[in-house]
Amino acid sequence: MKTLNRIKNYAVLLSLIIVIGVVSGDITVLQVFVNDVTPFITDIKATDPIILLENSTVIAYCNATVVDYNGYQDIKSVKAILWNPNTTYSNSTVEDRNNFYINSNCNITAGLGTSATVYCPFTIYYYAEPSEWVCRLNVTDFAGLWNTSNKTDITLQVLKGVRTPNLIDYSTSTGSTAIAPGETSTQDVIGTIYNTGNVVIDLQVQGTSTMNCTIGFIPVYYNRYNTTANMSYSSMCSLTTSLSDTCYELNQNFDLNKTTTETPTSKNTYWKIYVPTTGISGTCSGEMVFMAI
Amino acid sequence: MKKSTIIYGLLIILITGTASAVNIGVSPASLTFDNMIRGGYSETTLFISTSGDDRLQIGFGISGPIKDWISFNETDFILEPRSTKTVVVYARPPLDAASDTYNGTIYMSAAPVIAINETGTGLGVRSGISIYTAIVVTGQQIESYKLLDLTVRDTEVNSPISIVTYIKNEGNVRARPKIHIDIYKENVIVKVIEYAEAEKEILPTKTERILFEINSTGLGIDNYMANVSVKENYILDDFNILEVGGLSLGGILERLTIKNPDIGVGEKTLIIGIFENTGNRRVSARLKIKALIGSEIIDTLEGEEMDVEPGEKVALEAFYTPQKSGRYIIQGSVVYSKRVTSPKEATLNVSGFNYLYLIIGIIIVAIAYIKRQKIRETLRRYVF
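Heads up: the sequence lines are chains A and B, in that order. Letter 279 of the first sequence, counting from 1, is numbered 278 in numbering that gives the first Met the number 0, and no numbers are missing. Letter 290 of the second sequence, counting from 1, is numbered 289 in numbering that gives the first Met the number 0, and no numbers are missing.
Check the hints yourself; a few may be wrong.
[Claimed, not checked] When the alpha-carbon atoms are kept at most 25 Å apart in a straight line, the in silico DSS-like pairs for lysine-lysine are as follows:
#1 K199(B) x K230(B)
#2 K167(B) x K44(A)
#3 K145(B) x K44(A)
If you're looking for bench data, these hints aren't it; they were derived computationally from the structure.
Whole structure, please, built from the sequences with the hints as guidance.
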């Protein structure tokens, strides 16, 4: 830092145009003019990697030192953009939250001599595209002179996120009518899955315990699911105790796209159950897993 | 009969199912432990987050041939609502692993604590995320490390020069980095230290803060530039050699906190003092505590001593086990290099066991029991 200041001082001297004027008799006239000098940006430090939070936001920084040899007070403003270079760069002034963020008024701290530190925070949404991002800073001084500088290869990490129901509640499939022993539920129970990360997800499901009832039990495989509504029980997929048994519809074809707007993308799963003819009474409870893959 | 029983059972599901959704996220979504040697070590971090309103019970499972090679610093814990947690994942392929790429999956699952403990009925859902994981085993040993940052501290004449480095081991074997230092005065080399070897080893994939101390023999009072290189990368930093006594001492106790401010008599609690070395000389610091009730000093205690580098901020700790109930004022200050910071205070509430409440409770229960017996006796007489 001390060396940097020394270099800056030399540069200030070099940036002066010294005109030695008229020398007449015993009188020497010395005139010194200071030109407007273009400010520049150095030592950009950015949050790297940027680690996103599920269905939420994080603050990422792109900070730097800005130098103006006319004095740091000559720095008018610093603007920063953070964008995914795999997309077309635009001069937009509006963030799209997927690939482009903007801070048009970075915080310039009180400087020392010719340099000041700038802090440029960005609020990054969970669905920002995972990639190597770029931060570009642009400094403008009061004379209208400006400069830009980039920091590349800022990793925005992949976030796999999911929101699932916490209960597959078969009572909603019965209405006022009960599931009679030996019958299946008549209406689908809907389990809505939301993508709260920044990558496409498929699903695997697994029954982790038999549904134990006050008397008796319902085997895991009597629970059935599909991704299409109102299918007959017989044409739905059986829940098993192994994730790898998950049907193609969920395992490979669910394709729940990443969110691109404020509302998380979602898809429904549909569930039915069969109640054995004998040996069951009371309350039944079991457990299952929705695994985002 | 069975029909209606099932209806009632299902209604209970509606009533007791309190949480509505499980939110969980993991970053990154895949892990690759590259270029690992047999019997080697590597680590990385998973960032787990939830935006939901429920406490989640988090658990891990692993499948595939890497199952026994992967471990975690924590495998079973509670994730609080709207919070994040980091979990360190360790990879240790065995000595007999052949050179190859081994694939597997880490499964993380999350279940609302309330559903596990209280719902007890219905088809409860755990939400999970799979993390594809690969371990690449190679027979080639790679020694590679990188200098990420450094600071050369000012010093006094004839005192050692401290160089604080941050070095990352990017190879697959333990590293004991060596640094080369050229010291310049006005662009002329005035001292060269060929190699200084770190006392500390760095495990593969880890970054360590390593302090090198080199002698300043032959360097007078002045400003210098140090070019410090570690393998092929280097960083410049300037420093001063000052006259004896030129380095200043300074430190502040920023705040004092008590980890558990409400405890019972005989329970241990942790007192933490955040201390910053504001001088430019390394100091040894320790937390000194006075425990007062009112103006009476009940106890005094001291924590462990810790070295604190200039500019460094550390948490100094001291444990306290009060033997008396009451509302304590915990007054702390930091002692460093024969100096003491201004004190800071925190409150500690210590509750004792009150036998009076126990006696009252026993009397109430006894009266209730006697009255109950009398009522029963009266009823029995009335019936027969």
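For each hint, the structure was consulted:
no. : hint              : result
1   : K199(B) x K230(B) : 17 Å, holds
2   : K167(B) x K44(A)  : 18 Å, holds
3   : K145(B) x K44(A)  : 18 Å, holds
Violated hints: none; the structure is consistent with every hint.
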